[in-house]
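Visitor: To convert a position in the sequence shown, counted from 1, into our numbering, add 175.
Please note that the accuracy of each hint is not assured.
Stated by the list, open to error - Label-pair distances were calculated between CB atoms; the ranges are:
1. T202 with S311: 33 to 41 Å
2. A376 with N207: 15 to 23 Å
3. T327 with E264: 29 to 37 Å
4. V226 with D191: 21 to 29 Å
5. G275 with L324: 38 to 46 Å
6. V331 with A373: 17 to 25 Å
7. A260 with L324: 33 to 41 Å
8. G310 with G200: 31 to 39 Å
9. L324 with D245: 35 to 43 Å
10. A256 with G200: 16 to 24 Å
In case anyone wonders, no lab produced these hints; they're calculated from the structure. These numbers were taken from a predicted model, which means no experiment stands behind them. The C-beta atom is built at its ideal place from N, Cα and C for all residues, glycine as well.
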Amino acid sequence: MPWHVEGTYFENCNCDMACPCTLSGLTAPADNERCNLALAFHVETGEVNGVEVGGLTVCVVADTPALMSDGGWKVGVLMDAAASAEQAEALGAVFGGQLGGPMEGLAPLIGEMAGMESLKMAYTDDGRIHQVQVGSAVDIVVEDFVSPLDSTGQGVKVSGVGFPADTLAAGTSSTARVDVFGMTWDNSGKNSYSAPFAWSA
């Protein structure tokens, strides 16, 4: 059955800025020996297998080798506690790649599924500052980078990326703490990307 989800997303990792993994389609190594990242997706509207999933948030955390295409990723999924069992199952299938779509292509790179937990989530996005708080497990605030010399205020964008959207706004984090599934880090001051996203299959 066809499905679609759309909304806004942002991510943070421990690269210094403009993560080379994303810019190279996972073919260039990260800035550090391991890549520690979190991606937060807020679904504004969507339907999966006849189930409405709008208004819910999903957060994916991962620890990967510097060269992400090497595989062996450790991945955990955090589900919005506001989701019903039916909604959680539907979103879990989308973000786990079982229903096709963008996440399906990442599935062969995952070496360990650390699990899925349902936690209370607070997600805000004013178009430039993006924030998610997931219980005591995740607390991230990022801001899209706009040069003081940029009179348009449009900020720095990279295009032709493809995943999770074709054009991403580059930025940096002010807060970026993760402590869940045995993965713990603080990526404050490090790279971020953000964008609207629209997926279907």
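Visitor: State for each hint whether it applies.
Guide: To see whether the hints hold, each was checked on the structure:
{"no.": "1", "hint": "T202 with S311: 33 to 41 Å", "verdict": "36 Å, holds"}
{"no.": "2", "hint": "A376 with N207: 15 to 23 Å", "verdict": "33 Å, violated"}
{"no.": "3", "hint": "T327 with E264: 29 to 37 Å", "verdict": "43 Å, violated"}
{"no.": "4", "hint": "V226 with D191: 21 to 29 Å", "verdict": "40 Å, violated"}
{"no.": "5", "hint": "G275 with L324: 38 to 46 Å", "verdict": "43 Å, holds"}
{"no.": "6", "hint": "V331 with A373: 17 to 25 Å", "verdict": "22 Å, holds"}
{"no.": "7", "hint": "A260 with L324: 33 to 41 Å", "verdict": "51 Å, violated"}
{"no.": "8", "hint": "G310 with G200: 31 to 39 Å", "verdict": "33 Å, holds"}
{"no.": "9", "hint": "L324 with D245: 35 to 43 Å", "verdict": "38 Å, holds"}
{"no.": "10", "hint": "A256 with G200: 16 to 24 Å", "verdict": "34 Å, violated"}
Going through the hint list in order, the structure does not satisfy hints 2, 3, 4, 7 and 10.
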